[in-house]
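Engineer: In order, the protein sequences belong to chains U and D. The numbering used here puts the first residue of the first sequence at 1, with every later residue one more than the last. The numbering used here puts the first residue of the second sequence at 1001, with every later residue one more than the last.
Quick caveat, the hints were computed from the structure, so don't treat them as lab data. Mixed in with the good hints, there may be bad ones.
To be verified - Where chain D lies over chain U, by a calculated footprint (3+ residues, C-beta under 8 Å): (1) 244 to 256; (2) 460 to 466.
Said to hold, decoys possible - Footprint (simulated), chain D over chain U, 3 or more residues, beta carbon under 8 Å: (3) 141 to 152; (4) 435 to 445; (5) 472 to 479; (6) 489 to 501.
Every value quoted in this text rests on a predicted model; they were computed, and no experiment measured them. Ideal Cβ positions, reconstructed from N, Cα and C, are used throughout, including at glycine.
Number of protein chains: 2
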Amino acid sequence: MPLQPVLINGAWRASDAVGEFEAVNPSTKTPLPDTYPVSSAAEVEEALHAGYEAAVTLRTMSPEAIARFLEAYAAAIEARADALVELAYAETALPKSPRLRDVELPRTTDQLRQAAAAARERSWCLATIDTKRNIRSMYGPLGGPVVVFGPNNFPFAFGSASGGDFAAAIAAGNPVIAKANTGHPGTTKLFAAAAFEALQATGMPPALVQLLYRVKPDVGYRLVSHPLVGATGFTGSRSAGLRLKEAADKAGKPIYLEMSSINPIFVLPGALEERLEAVAGELFASCSLGVGQFCTKPGFVVVLHNEKSEAFFAKVAELFQSPPGVLLGEGGVHTIADAVQKLQAAGAQLVVGGYEVEGPGYRYANTLLRISGDDFLKRPHDLQIEAFGVVSLVVFAKDIAQMQAIAAALEGNLTGCLYSHTGGDDDALYEQVAPLLRTKVGRLLNDKMPTGVAVSPAMNHGGPYPATGHPGFTAVGIPAAMLRFGALHCYDNVRQHRLPPELQDKNPTGTMWRLIDGVWTQKDVA
Amino acid sequence: MPLQPVLINGAWRASDAVGEFEAVNPSTKTPLPDTYPVSSAAEVEEALHAGYEAAVTLRTMSPEAIARFLEAYAAAIEARADALVELAYAETALPKSPRLRDVELPRTTDQLRQAAAAARERSWCLATIDTKRNIRSMYGPLGGPVVVFGPNNFPFAFGSASGGDFAAAIAAGNPVIAKANTGHPGTTKLFAAAAFEALQATGMPPALVQLLYRVKPDVGYRLVSHPLVGATGFTGSRSAGLRLKEAADKAGKPIYLEMSSINPIFVLPGALEERLEAVAGELFASCSLGVGQFCTKPGFVVVLHNEKSEAFFAKVAELFQSPPGVLLGEGGVHTIADAVQKLQAAGAQLVVGGYEVEGPGYRYANTLLRISGDDFLKRPHDLQIEAFGVVSLVVFAKDIAQMQAIAAALEGNLTGCLYSHTGGDDDALYEQVAPLLRTKVGRLLNDKMPTGVAVSPAMNHGGPYPATGHPGFTAVGIPAAMLRFGALHCYDNVRQHRLPPELQDKNPTGTMWRLIDGVWTQKDVA
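So that you can see chain U by itself, here it is in the shape it has in the complex (with noise of 0.2 Å):
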């Protein structure tokens, strides 16, 4: 069986392979057919120089190319669809239906059109004008080409050739280079041949999409850290973060990641007095969304200890004890089993669970654990290890002093969030904890689950360390999300007609957000 091709520079062509790998069908455990190659150095420099010249090309290309393009892309992907979703399903086991034709394959295409309105309509860029100095300033593209690492969990909406960054990179004037998931890389192929027609029909530059399926931990430094790249978006596992991060930081390269999150969740005595069953429920319900493999999934429960969060941590161990689903490959299983052995040792109480599934498919027990307050803040730092599954450790602070110190004592976070009663019974308390909290998370919720996260322009899909590495920056939501994929160029005293568009005098597009002196306006430059 020979390799699959790489796309560089505008051709699908065997790729200059170092090694092959195969992606594993997790519900039967088998290889499927297809052989991937592993790219060597000089396949990479090859996308980076080609990268490189069609973000120059790019430059002198209208938004509204740009737009057309992703919309183009949005509805080649709708065309293909069946054939992802199988293609997907074999690859990651994760359910055809709803999960990845109705919501996840929607959710892509939505993106993509988000983003092909946020370019065109040019607002994101942040357009600041100082007419009695002639300042102005802009965000514009990095001047390279923008490194996708998607992760494994989400094939379509994260997909390195498909997601949030992909479309956030693109909308923001810079190509991309994807590299494939390894658990994945039939349906990353899949989505850069639909991008690739989408590009050839709408008259794009040939490099504005290549993919790459694997290259060697060195070769993925020099991708990230090259003179010629622009910046990378990393949404995977924080020892793999973590390395990209240090090799890219060294050269000064914008690296944006989203890492690991334990998801806090502070369910509040009143909560409890109320609403048990339900908060346990919604609980165990977005616990176990995608067999738990959610960067969101709520792994960390703090509650007061009494009878009540005593009858609630049992109502929860019993929906715990349902059926595990197959995970997204036997990889997972490790790394589970590996992180509750770790939290384990550092004195969490095995309830439910604990062990992995024999039988068809990679499985690992739903599991729950517990400690004490006084327990985890011995330890607090070996207590916050994520474990990507339907795992969650529930913490019995002894009281309100104890709780706030437990949200002290928190790393960073993607979400943090605070059940309490309706009726304002938890109102002090809240005042008490939830100042703890918003400093540690990204998105702060009340009586919500964190899981599903809305593309919306508020969303923060981001958080302090090590949950992103910039607690600045959100994945998710346009147009927010491209200013990650933006340099700030200012023009000082520079010509009317050598001005971007964006600044000109005359309103582009006569409905762009601007701000001019210290106006936001839609208004042409009085």
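With chain U held as given, fit chain D onto it using these hints.
Structural biologist: Leaving out everything else, chain D in the frame of chain U:
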């Protein structure tokens, strides 16, 4: 002579010193009378804890309180103007008038007042509201103190306890730990005293502003990477900046660096045909401003080789014959000499200067070098060394293609400039060079030298690495500079009365700009 006290946790007190140092008067080469401590690791730890507590308190206070503090501080500076000017002159040899008293001091108080106005006005936080989904986000404080390392060349306007980073960090709601530049510790202490007086008068947390003078390298790395620190702002040398960056990056702590820049000037042929003498004069004036010790000093000039550009060079060389001013310190003489030697070793030909000037005050002769485009392109990296003084290298390109190659070989810079014929004779050439320069610089200028960084909302005093550590942020310009010291805070389904005022339905000021459902408005949520 006892050591000068540090300001920690609301008290001026004896330092837990592990060393001491004196400042030197650059005009006389003699030590100044006061002696300053090198702070211990324990002292730094204490400042961080106090700064963290101040951050917690500050979150409970209104932007109005922060604005009042900044305004009171600006007034306190004005009340001490004489003392500040005298001491800064003694420590830096910068002219008292107009430089210190009439330019830098008003710029400093203006920045503080602009920051106060931005804090009060609140639009800086980019409040974004999705009413349909009830998701709301804004930039909020980081949750820990901001450490500011100020440079030697602007003791007021970039000072660690008075300058742009200080103003931006405080206005964004973060306490500051100021690390004085060791060239002007006394001036920094005067500022910290004025700030402390103002914070007491306005009822702010005592550790809102703290002051250290110097730390050993390992303690500095700990400071910027500490779990309690919010972020760091650094302006200074590339070598010191990169070491701090490495430490902060490894800990996932934001660090904003302004390091080095040669600020390329492309003088197109039509500009020389039209106004050779004027351009030469502007170049020398910009080069020699502040004795060349400006981060935006034009240290690199590119011309097409022809008779006119030789005449231009001759004119510039004539201007460079003037006597040099006093540098900020002895270190400056050495670093300039070292840079000039490295440029020569890389092939540049020394035409004017190239030696230390003996006599009172630290001086180095104005220095002009030249090189052919061919020779530059052989060693482009070695020929982009910043020489922090009145030093410039002129590169003679043999043709337009070579001028483009030179632009493409540039590293990241704060600024880049094109001088061109006012009647449009250079327009075709401009289009060939400007796009290449655009992605290499933060601020692109036309027909204007880069020194003089206006405090404008549209300014970008930033640029790609190695000019800074990230191409998306500016260190000058209110309110944009404040975004460096903000974390993106999202609120999902949070009850109305628990939201920060900036995100509640009612516009908290009636004038704040918010992005509500895609529309920038000053209105309440309907």
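Engineer: Now tell me if each hint is right for this structure.
Structural biologist: So, going through the hints one by one against the coordinates:
Interface restraint, the stretch 244 to 256 of chain U with chain D: holds (8 residues with C-beta to C-beta distance below 8 Å; minimum three). A count of 5 residues in the stretch 460 to 466 of chain U with a Cβ less than 8 Å from any Cβ of chain D is obtained; the coverage claim is therefore met, three being the minimum. With 4 residues bearing a CB less than 8 Å from a CB of chain D, the stretch 141 to 152 of chain U meets the requirement of three and the coverage assertion stands. Interface restraint, the stretch 435 to 445 of chain U with chain D: holds (8 residues with C-beta to C-beta distance below 8 Å; minimum three).
Judged by the Cβ-Cβ criterion of 8 Å, the stretch 472 to 479 of chain U is covered by chain D as claimed, because 3 of its residues qualify and three suffice. Remark: the stretch 489 to 501 of chain U is confirmed as covered by chain D, as 8 of its residues place a Cβ nearer than 8 Å to a Cβ of that chain, reaching the required three.
Hint compliance for this structure: every hint is met.
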